[in-house]
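Protein sequences appear in the order of chains A and B.
My numbering puts the first sequence at residues 4 to 82.
My numbering puts the second sequence at residues 41 to 459.
Don't read these hints as lab results, they were simulated from the structure.
Watch out, some of these pointers could steer you wrong.
Stretch-level coverage of chain A by chain B, calculated; a stretch enters the list once three of its residues show a Cβ under 8 angstroms from a Cβ in chain B [claimed, not checked]:
id, region
1, 27 to 33
2, 36 to 44
To give an idea of the chain A side of the interface with chain B (calculated C-beta under 8 angstroms), a few residues [to be verified]:
id, residue
3, Leu-66
4, Arg-69
5, Ser-70
6, Cys-71
7, Pro-72
8, Glu-73
Calculated from the model, a selection of chain A residues having no Cβ within reach of chain B, i.e. all distances over 12 angstroms [said to hold, decoys possible]:
id, residue
9, Phe-14
10, Arg-50
11, Gly-51
12, Val-52
13, Phe-54
14, Val-55
15, Val-56
16, Ala-57
17, Ala-58
18, Asp-59
19, Glu-61
20, Thr-77
21, Val-79
All values reported here derive from a predicted model rather than from experimental measurement.
By construction, the Cβ of each residue, glycine as well, lies at the ideal position given by its N, Cα and C atoms.
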Amino acid sequence: MTAEPTTQERFTVEIMVDPARCTGHGRCYSLAPAVFDADDDGFCLPRGVTFVVAADREETARLGARSCPEGAITVVTAE
Amino acid sequence: MSASAATPASTPAAMPASTVGGTPPAGSCPVINYDIMSPRPVLSAVREMAELREASPVYWNSFGTGFWMLTRYEECREAYQTPEIFGSDSVIVLDPNPGYRWIPTNVAPPEHSRYRQILNRPFSPRTVTGTTPRMRELCNRTIDTFLDRGGCEFVADFAAVYPTRVFLSIMGLPEDDDMLFVEWVDTIFDAFSDPEGQARTMTAMTAMTEYFVSVVADRRATLRDPETDFVSYVMTERYEDRPLRDDEILQMCVVLVLAGLDTVKSQLSYSFHHLATTPEHRRRVATEPAVVPTAVEEFLRAFPIIQDGRKVTRDVDFHGCPMKKGDMVLLTLGAAMRDPRTFPDPERVDLDRTANRHISFAAGPHRCLGSHLARAEMAVALQEWHRRIPDYRLAGDEPVVERGGSAGLVALPLAWERS
Numbered sequence: 004m005t006a007e008p009t010t011q012e013r014f015t016v017e018i019m020v021d022p023a024r025c026t027g028h029g030r031c032y033s034l035a036p037a038v039f040d041a042d043d044d045g046f047c048l049p050r051g052v053t054f055v056v057a058a059d060r061e062e063t064a065r066l067g068a069r070s071c072p073e074g075a076i077t078v079v080t081a082e
Numbered sequence: 041m042s043a044s045a046a047t048p049a050s051t052p053a054a055m056p057a058s059t060v061g062g063t064p065p066a067g068s069c070p071v072i073n074y075d076i077m078s079p080r081p082v083l084s085a086v087r088e089m090a091e092l093r094e095a096s097p098v099y100w101n102s103f104g105t106g107f108w109m110l111t112r113y114e115e116c117r118e119a120y121q122t123p124e125i126f127g128s129d130s131v132i133v134l135d136p137n138p139g140y141r142w143i144p145t146n147v148a149p150p151e152h153s154r155y156r157q158i159l160n161r162p163f164s165p166r167t168v169t170g171t172t173p174r175m176r177e178l179c180n181r182t183i184d185t186f187l188d189r190g191g192c193e194f195v196a197d198f199a200a201v202y203p204t205r206v207f208l209s210i211m212g213l214p215e216d217d218d219m220l221f222v223e224w225v226d227t228i229f230d231a232f233s234d235p236e237g238q239a240r241t242m243t244a245m246t247a248m249t250e251y252f253v254s255v256v257a258d259r260r261a262t263l264r265d266p267e268t269d270f271v272s273y274v275m276t277e278r279y280e281d282r283p284l285r286d287d288e289i290l291q292m293c294v295v296l297v298l299a300g301l302d303t304v305k306s307q308l309s310y311s312f313h314h315l316a317t318t319p320e321h322r323r324r325v326a327t328e329p330a331v332v333p334t335a336v337e338e339f340l341r342a343f344p345i346i347q348d349g350r351k352v353t354r355d356v357d358f359h360g361c362p363m364k365k366g367d368m369v370l371l372t373l374g375a376a377m378r379d380p381r382t383f384p385d386p387e388r389v390d391l392d393r394t395a396n397r398h399i400s401f402a403a404g405p406h407r408c409l410g411s412h413l414a415r416a417e418m419a420v421a422l423q424e425w426h427r428r429i430p431d432y433r434l435a436g437d438e439p440v441v442e443r444g445g446s447a448g449l450v451a452l453p454l455a456w457e458r459s
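One chain only, chain A, in its complex shape (with noise of 0.2 angstroms):
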């Protein structure tokens, strides 16, 4: 039997936030920094494009995700 690979080295993970619904609540960038960033405005960014981070922000990605009042961020698990 093989060791799997640990999911540090199998995974990254995209965000997606949805231009259309962020309208800078700023919970995302204030919770998981490390993933989000602000604009000028308050407005998180990146938005309107997938972007990639690695596998270990995971939990911080999710928890700006499942913290944004408009459920404007998607988290996928990429292999």
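Dock chain B against the given chain A, drawing on the hints supplied.
Chain B alone, transformed into the frame defined by chain A:
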């Protein structure tokens, strides 16, 4: 009021064009007569609204001129995120046809977003962070006025005064005008639970509007630094390719006062009532300042101040309820922010609650402009108060009373040991 009193209504044969003031075409929705105005013992409203929420997601409430009530999180959020149906021509359910148009509150997209592009910047998280040291100073100066007395009436002595001082500082207005604004706001919001107070409200609104008319005229004559003076800032901004008119600037100033002062006052009042009556939470906030940001979010969730209104823009069937163009809809956040379908163990105030996606600042395009400022004001107040007054209690034997309408406490006497 008990939710069990709610009974399904039969659908009338003839439907009026708008349900307001008429017979409720309630369809499958229960019909109730639930008083949202009268003062009552503190935290009665969230308990009553929780009963309503568990019995039905939508009601027709025949109170006042009549309005629909959404009681659950997902339905409230759906309404917020569908402004083309749940419009903002009126946001006060008991006043469906207001004689004013506040900017940006009563403005629909896409005009709304053009105003917000101007207004977002001075209320952005970055701008707010820059004003936090000043906020801290104003908070401490307010505490100085009663610290040695060993007690205060929290609502009048602290919660009404400190956010007003922060507001004046951000607006670039004289700090000596603080008591003018405190009195105007008190008078205007008292009318929420006192229909007899309408005349006094008009007098206060007129006085406040005249105050801003002269500020706008003054800045037109001599522009000040847009970085530190709000009216000068908006005068230098453009709506598409034109500068803002005086009447638009005036509307913005009035809205900032009405939306930004009483709300923070009330949020602070409920939060400190909770802390005064919950020793383990009081100790944590006093000894563990790192808990403050999540505590602020939890107080916003558990004690939402605004019960928001929307006006239906066209006939629509909303979750089985036949809403008519012109009907008013109450987004009953006091019920929705304690919805167990969204928040585990919702009646528990949990200072460590994670993934707290409350919409106490609304959702959709009208998300509270001042939300970042309000959060910072709350956090500074919790930190500075508990640094200086770590332990305190409710004083006096009078029961604490909450207003109807826009939630808030009438008075909150606190006492502490003088050091």
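Handout entry: Numbered hints the structure breaks, given as an ascending list
Key = Hint check: nothing fails, all pass.
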